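Enquirer: For reference, the chains in residue letters:
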Amino acid sequence: MVKDTKPKLAVYKFSSCDGCQLSILDLEDELLALTGAVEIAFFLEARRKVQPGPYDIGLVEGSISTPEEAERIVQVRKECKYLVTIGACATSGGIQALKNWADVEEYKRIVYASPKYIQTLDTASPVAAYVLVDFELRGCPVNKYQLVEVITAFVAGRRPQIPTYPVCLECKREGNVCVMVTDGAPCLGPITQAGCGAICPSFGRSCYACFGPSESSAAEMLCNHCEKTGTDKPTIVRMLRSFNGYLEPFKQVGDEYERQTVKNH
Amino acid sequence: MSVKPSKTIERTIHVENLARVEGEGALYIKSVGDEITDVQLNIFEPPRFYEAFLRGRRFTEVPDITARICGICPVAYQMSSCHAMEQALGVTVGEPIRTLRRLLYCGEWIESHVLHMFMLHLPDFLGYESVVTMAADHRDVVAKALSLKKAGNDIVNFIGGREVHPINVRIGGFYRLPSKAKAKALRETLLANREFAIETIRFMAGLDFPDFEQNYEFVAMKHPDEYPFCEGRLVSSSGLDIPIEAFLSEFEEIHVKHSTALHGRFKDGRIYLVGPLARVNLNFEQLPDSVKAIAKEIGFSVPCRNNFKSIIARALETLFAVEQAIEILEHYDDAAAPHVKITHQSGIGHGCSEAPRGILYHRYEIDDEGLIKDAIITPPTAQNQPQIEDDLRHFFPSMLDKPEEEATLRCEQLIRNYDPCISCSTHFLKLQLDRTP
Ligand code: SF4
Ligand code: SF4
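Heads up: the protein sequence lines correspond to chains A and B, in order.
Note that the numbering used here gives residue 97 to position 97 of the first sequence, counting from 1, and the numbers run on in steps of one.
Note that the numbering used here gives residue 203 to position 203 of the second sequence, counting from 1, and the numbers run on in steps of one.
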């Protein structure tokens, strides 16, 4: 049967908003072709039928933030030939990694009436903190065309062609006027990985780094510059600690700025 | 997935992984004889602590952060956040921003409703395990549905900058308004999909619906002249009529005994239903004549108390959103100011909007430095969860003589009537419900 020869794709969810796996269903023009090229063998959000593993490609959305997830991810790794993380949550811990800097017991008390029922780890971590990952796709959410490229590449047995240069370059290519020049606004475009098409600056706003740090991201230099041009330290800390704050060098630089803030007080 | 008859009187249904819902959950029902002894809808969505880590963030950052609560309805989170923040800061956006927000919301409704109707819910009605197998037999319908869904996403892209987690939304309005030329092209796309939106209503009306009427207490927003998105009062089928600021004095979230879930209910203990069926029932008059005419043609009238028919309500709302978007785009002007200026930075504000799955309430307290002091977020699925379980308790007896597979499927279908968006669990997870006799 032809069906059996198609590569098997599995889509897993951990702590996340579903936005990255939704990107698969948002591939309206490509979806029918995709289901023709790969067998969607495990994708709970879309299918009731579950085909048993092992799978050729596993896409993981979400960070690891509970004891159950920490166990499940090990199992997931075992049943997938290639494991790809999709999005900021799975790649950097995501926005929920903000709890990594907080007292989780206090967080539980803020949100729940009976905190003792809540099972959670002290940290929300990237998948790579637990198991070997074959490829990490950035973005909060991922760019769906980059996702197609990743799936296609793994099916073809080659390395995905995903640029690692900064948003700043995409922004220049779009012909935008730099928001740092026009508004003096602190923009993270120079230290954030490309992939979105520089949409924020194209709409006249600064990049807030939802694709995470670019390769050899000069985070410290940019933050020093922002400080000199009028952005205060707590704001810099918050800018770095958002959807990818737990990824280096954002974490290190953010922590350093926080230390300086505390000292100054 | 299994239904185990044991000693002919005791039965359990256990679905370990609920499929085709957004997020992850499980269902457990137990009955002895004709009596349902246990219903558990388990949500094993991990806690992400939004209300906790929002504290200390600057108010301007909130719409981008709360969007990440749900990838399927980020616009709803952004809109409820913006309205709450603007109320706290004493800002009114006025035209044309409010109309453009309605446009953005139209896009989300279309995208989310079409996703749910065709890709998640319709397979239940037509006997397929998923849209993948359904597409093999109904390729044309699926292709048209994908095109309509895309038109919804195109709207969100147009004014929001991208479909999941739009980047163009800010407190006070938008960062930049897209060009008139783009608006024109988008309007053409919507016009091309309008006919299928009408066909969808006729198609959904022809499905087989279980005979399951419940005496629901519907709760939705209501605006004097418009079908509701972001503005209006909160009303219910038994006559509740309050400003959104009174949400917390009328409704509460409780931590159910032996449970780790928060459930929405009235303070007097009554449960209620939010979402498309509630909206259509409470706002039918506000629908445009063209939509009412099709409703009449298919024999749909209110009150409609069968939530299996929520798929028809979604179809009606989809056509409404398509027509509304076409109209807004016709008068679109890119020369307007994209946002109003914010001068204040402290206060308390409430915001409520109609997410695709029902009312989404936010409340924020902002301190003198513009930082969030306290945040409360009540998502639609938390409010519907007690109603889902109540439905199951009433529905399951009719399934007692059905074969295993069918009983399980029907219960799943009932849950999917609510389009439960489990990732909206700002604060609910595993549910255990004790049945009180
Ligand atoms: S990375 Fe962003 S879009 Fe993707 S699942 Fe996480 S929060 Fe959602
Ligand atoms: S410009 Fe920056 S924040 Fe905006 S979408 Fe791109 S990476 Fe994300």
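Just so you know, these hints were derived from the structure itself, not from any lab.
Treat the hints with caution; some may be incorrect.
What the hints assert, rightly or not - Distance condition first, Cα-Cα at most 20 Å in a straight line; then the derived EDC-like pairs of lysine to aspartate or glutamate:
hint	chain 1	residue 1	chain 2	residue 2
1	A	Lys233	B	Glu245
2	B	Lys296	B	Glu404
3	A	Lys49	B	Glu404
4	B	Lys144	A	Asp29
5	A	Lys233	B	Glu369
6	A	Lys49	B	Glu406
7	B	Lys150	B	Asp211
8	A	Lys108	B	Glu253
9	B	Lys180	B	Asp334
10	B	Lys222	B	Glu195
11	B	Lys373	A	Glu39
12	A	Lys233	B	Asp225
13	A	Lys49	B	Glu405
14	A	Lys49	B	Asp368
15	A	Lys108	B	Glu51
16	A	Lys108	B	Glu404
17	A	Lys116	B	Glu51
18	A	Lys49	B	Glu129
19	B	Lys150	A	Glu30
20	A	Lys233	B	Asp38
21	A	Lys81	A	Glu39
22	B	Lys373	A	Glu30
23	B	Lys184	B	Glu51
24	A	Lys116	B	Glu226
25	A	Lys108	B	Asp401
26	B	Lys341	A	Asp183
27	B	Lys182	A	Glu39
28	B	Lys373	A	Glu106
29	B	Lys30	B	Asp401
30	A	Lys78	A	Glu106
31	A	Lys78	A	Asp29
32	A	Lys6	A	Glu105
33	B	Lys150	A	Asp29
34	B	Lys373	B	Glu61
35	B	Lys222	B	Glu245
36	B	Lys292	B	Asp334
37	B	Lys144	A	Asp134
Predicted model, so just to flag it, every value in this text is computed and none were measured.
Enquirer: Next, verify each hint and record whether it holds.
Expert: Verification of the hints:
Taking the CA atoms of A/Lys233 and B/Glu245, the gap is near 35 Å; set against the 20 Å cutoff, the hint is violated. For the hint linking B/Lys296 to B/Glu404, the alpha-carbon distance of about 37 Å lies beyond 20 Å, and the restraint is violated. For the given pair, A/Lys49 sits about 16 Å from B/Glu404 by alpha-carbon distance, which is consistent with the 20 Å threshold. Among the hinted pairs, B/Lys144 with A/Asp29 is consistent with the structure: their alpha-carbon atoms are about 11 Å apart, no more than 20 Å.
For the given pair, A/Lys233 sits about 14 Å from B/Glu369 by alpha-carbon distance, which is consistent with the 20 Å threshold. Note on A/Lys49 and B/Glu406: the hinted pairing holds, with a Cα-Cα distance of about 15 Å set against a maximum of 20 Å. A distance of roughly 33 Å separates the Cα atoms of B/Lys150 and B/Asp211; the hinted pair therefore is violated under the 20 Å criterion. Restraint check for A/Lys108 and B/Glu253: the C-alpha separation of about 16 Å stays at or below 20 Å, so the hint holds.
Proximity of B/Lys180 to B/Asp334 is assessed by CA-CA distance (about 6 Å); at most 20 Å being required, the pair is judged to hold. Annotation: proposed proximity of B/Lys222 to B/Glu195 is violated, straight-line Cα distance about 28 Å (limit 20 Å). Distance hint between B/Lys373 and A/Glu39 is unfulfilled; the C-alpha atoms sit about 48 Å from each other, more than 20 Å. Annotation: proposed proximity of A/Lys233 to B/Asp225 is violated, straight-line Cα distance about 47 Å (limit 20 Å).
The suggested pairing of A/Lys49 with B/Glu405 holds, with an alpha-carbon distance near 13 Å, which does not exceed 20 Å. Under the criterion of a C-alpha separation no larger than 20 Å, the hint pairing A/Lys49 with B/Asp368 is inconsistent with the structure, at around 53 Å. This hinted pair checks out: A/Lys108 and B/Glu51 have alpha carbons roughly 10 Å apart, not beyond 20 Å. With a CA separation close to 40 Å, the supplied pair A/Lys108 and B/Glu404 exceeds the 20 Å bound.
A threshold of 20 Å between alpha carbons decides the hint, and for A/Lys116 with B/Glu51 the separation of about 18 Å falls inside it, so the pair holds. With a CA separation close to 6 Å, the supplied pair A/Lys49 and B/Glu129 stays within the 20 Å bound. The hinted pair formed by B/Lys150 and A/Glu30 meets the criterion: a straight-line CA distance of about 11 Å does not exceed 20 Å. Taken as a hint, the A/Lys233 and B/Asp38 pair is broken in the structure, with Cα atoms around 54 Å apart against an allowance of 20 Å.
As the CA atoms of A/Lys81 and A/Glu39 are separated by approximately 15 Å, the hinted pair is consistent with the 20 Å bound. A threshold of 20 Å between alpha carbons decides the hint, and for B/Lys373 with A/Glu30 the separation of about 45 Å lies outside it, so the pair is violated. With a CA separation close to 40 Å, the supplied pair B/Lys184 and B/Glu51 exceeds the 20 Å bound. A C-alpha spacing of about 45 Å is found between A/Lys116 and B/Glu226, which places the hinted pair above 20 Å, so the restraint is violated.
Restraint check for A/Lys108 and B/Asp401: not satisfied, since their Cα atoms lie roughly 44 Å apart, outside the 20 Å limit. Among the hinted pairs, B/Lys341 with A/Asp183 is consistent with the structure: their alpha-carbon atoms are about 15 Å apart, no more than 20 Å. With a C-alpha separation of about 37 Å, the suggested pairing of B/Lys182 with A/Glu39 is violated against the 20 Å cut-off. This hinted pair checks out: B/Lys373 and A/Glu106 have alpha carbons roughly 15 Å apart, not beyond 20 Å.
Restraint check for B/Lys30 and B/Asp401: the C-alpha separation of about 14 Å stays at or below 20 Å, so the hint holds. Our distance criterion of 20 Å between C-alpha atoms is broken by A/Lys78 and A/Glu106, whose separation comes to about 35 Å. Taking the CA atoms of A/Lys78 and A/Asp29, the gap is near 32 Å; set against the 20 Å cutoff, the hint is violated. Note on A/Lys6 and A/Glu105: the hinted pairing is violated, with a Cα-Cα distance of about 47 Å set against a maximum of 20 Å.
Note on B/Lys150 and A/Asp29: the hinted pairing holds, with a Cα-Cα distance of about 8 Å set against a maximum of 20 Å. Distance restraint check for B/Lys373 and B/Glu61: the Cα-Cα separation of roughly 14 Å lies within the 20 Å cut-off, and the hinted pair is therefore satisfied. Straight-line distance between C-alpha atoms of B/Lys222 and B/Glu245 comes to about 14 Å, which keeps the hinted pair within the 20 Å bound. A hinted pair counts as satisfied when its Cα atoms are at most 20 Å apart, and B/Lys292 with B/Asp334 does not qualify at roughly 32 Å.
In summary, the hint linking B/Lys144 to A/Asp134 is not supported, as the alpha carbons are separated by about 36 Å, beyond the 20 Å threshold.
Violated hints, listed in ascending order, are 1, 2, 7, 10, 11, 12, 14, 16, 20, 22, 23, 24, 25, 27, 30, 31, 32, 36 and 37; each of the other numbered hints is respected by the structure.
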